[in-house]
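Asker: Since the structure of chain A is provided, determine the placement of chain B on it from the hints.
There are 2 protein chains.
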Amino acid sequence: MTVEKKKSDLAKEPGVRTKLFIADETIGLGKIDLLERLGEAGSISAAARQMGMSYKRAWFLLNSMQSGFREPLFVVKRGGSHRGGTTLTPLGADLIRRYRSHSDLVDAQSNEILAWMRSVQFER
Amino acid sequence: MTVEKKKSDLAKEPGVRTKLFIADETIGLGKIDLLERLGEAGSISAAARQMGMSYKRAWFLLNSMQSGFREPLFVVKRGGSHRGGTTLTPLGADLIRRYRSHSDLVDAQSNEILAWMRSVQFER
Numbered sequence: 003m004t005v006e007k008k009k010s011d012l013a014k015e016p017g018v019r020t021k022l023f024i025a026d027e028t029i030g031l032g033k034i035d036l037l038e039r040l041g042e043a044g045s046i047s048a049a050a051r052q053m054g055m056s057y058k059r060a061w062f063l064l065n066s067m068q069s070g071f072r073e074p075l076f077v078v079k080r081g082g083s084h085r086g087g088t089t090l091t092p093l094g095a096d097l098i099r100r101y102r103s104h105s106d107l108v109d110a111q112s113n114e115i116l117a118w119m120r121s122v123q124f125e126r
Numbered sequence: 003m004t005v006e007k008k009k010s011d012l013a014k015e016p017g018v019r020t021k022l023f024i025a026d027e028t029i030g031l032g033k034i035d036l037l038e039r040l041g042e043a044g045s046i047s048a049a050a051r052q053m054g055m056s057y058k059r060a061w062f063l064l065n066s067m068q069s070g071f072r073e074p075l076f077v078v079k080r081g082g083s084h085r086g087g088t089t090l091t092p093l094g095a096d097l098i099r100r101y102r103s104h105s106d107l108v109d110a111q112s113n114e115i116l117a118w119m120r121s122v123q124f125e126r
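Going down the list, the sequences are from chains A and B.
Here this note's numbering runs 2 ahead of the position in the first sequence, where the first position is 1.
Here this note's numbering runs 2 ahead of the position in the second sequence, where the first position is 1.
Quick caveat, the hints were computed from the structure, so don't treat them as lab data.
You may find that some hints are simply not true.
What the hints assert, rightly or not - No farther apart than 25 Å at their CA atoms in a straight line, the calculated lysine-lysine pairs in the DSS-like style are these: (1) A:K79 / A:K21; (2) B:K79 / B:K21; (3) B:K14 / A:K21; (4) B:K79 / B:K58; (5) A:K14 / B:K21; (6) A:K79 / A:K58; (7) A:K21 / B:K79.
Claimed, not checked - Quick list of the computed label-pair ranges, beta carbon to beta carbon: (8) A:F124 / B:D35: 15 to 23 Å; (9) A:Q52 / B:N65: 29 to 37 Å; (10) A:I98 / B:F124: 48 to 56 Å.
Said to hold, decoys possible - Calculated from the model, a selection of chain A residues having no Cβ within reach of chain B, i.e. all distances over 12 Å: (11) R19; (12) I29; (13) A48; (14) G70; (15) R72; (16) G87; (17) L107; (18) M119; (19) R120; (20) R126.
Bear in mind the structure is a predicted one, so any value in this text is a computation, not a measurement.
Positions of the beta carbon are idealized from the N, C-alpha and C atoms, including for glycine.
Excised from the complex, chain A in its bound form:
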């Protein structure tokens, strides 16, 4: 039992992920997670830190995601009682919600191909 458990730890679980294409930009799970953390943490630097990436990288990813949309996904508020901070717009929150809900639909359709991949994948 212990040996089996170790073995399955080593073998990576197959997965299925969805990517959105919008106005020449691609949006996958990484960018969505980053946007969500931005909304929760309230600053790009805090979100970047949480994702283990540089501020520059986070800024680049958020900026590229933004290029796909007509309206802003987030706004930077300067001043005020919380000394500024970044908040998601309703559009940004909507993007996260819609991506997650679409991923749930995809997951619900993926059991068969996942089981097949488990049965044929290379074992290290």
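Answerer: Using the frame of chain A, we list chain B on its own:
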């Protein structure tokens, strides 16, 4: 009417694509198309030409895809009445079939998010 058609040609249609993760490799539409052409054309060089990529690039992509699987996706047959050539194994054909059928399931779940992306995407 003509003007509208031109406009919609310029504006990219939003899309949804699926990527499979298997034993540290990723498999998306590009690799699946390449594998299918390999099966149809019977040689890596012909498949590469059809996809507008170098032989080296096609070989790299096929090789990386193969690394995800225990058994071969295609075999090179030397000699015989057709002077050799590459054919897909049942596993290779199965991968294509399963990827396409999973993509159809995903497409069937994507109308809502696609309509939303059309309504919010940046127009050049």
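Asker: Please settle this one: R120 of chain A was flagged as non-interface, so is its CB more than 12 Å from every CB on chain B?
Answerer: violated (9 Å)
Asker: For A48 of chain A, is the shortest beta carbon distance to chain B beyond 12 Å?
Answerer: holds (26 Å)
Asker: Any Cβ of chain B at or closer than 12 Å to G70 of chain A, or is the non-interface label fine?
Answerer: violated (6 Å)
Asker: Hey, does G87 of chain A actually stay past 12 Å from chain B on C-beta?
Answerer: holds (24 Å)
Asker: Against chain B, does L107 of chain A hold up as non-interface, every C-beta pair farther apart than 12 Å?
Answerer: violated (4 Å)
Asker: Find the nearest Cβ of chain B to the Cβ of R126 of chain A and say whether that gap is larger than 12 Å.
Answerer: Not fine: 7 Å to the nearest Cβ puts R126 of chain A too close to chain B.
Asker: Would the non-interface assignment of I29 of chain A survive a Cβ cutoff of 12 Å against chain B?
Answerer: violated (9 Å)
Asker: Looking at R19 of chain A again, its CB stays over 12 Å from all of chain B?
Answerer: violated (5 Å)
Asker: Take the C-alpha atoms of K79 of chain A and K58 of chain A, compute the straight-line distance between them, and say whether it is at most 25 Å.
Answerer: holds (20 Å)
Asker: Need the status of pair K21 of chain A, K79 of chain B: alpha-carbon distance at most 25 Å?
Answerer: The hint is violated at about 37 Å.
Asker: If you draw a straight line from the CA of K79 of chain A to the CA of K21 of chain A, is it 25 Å or shorter?
Answerer: Not OK: K79 of chain A and K21 of chain A at ~30 Å, beyond 25 Å, violated.
Asker: Given the hint of 48 to 56 Å, is the C-beta distance from I98 of chain A to F124 of chain B inside that range or not?
Answerer: violated (18 Å)
Checked against the numbered hints listed earlier, the structure breaks hints 1, 2, 7, 10, 11, 12, 14, 15, 17, 18, 19 and 20; every other hint is satisfied.
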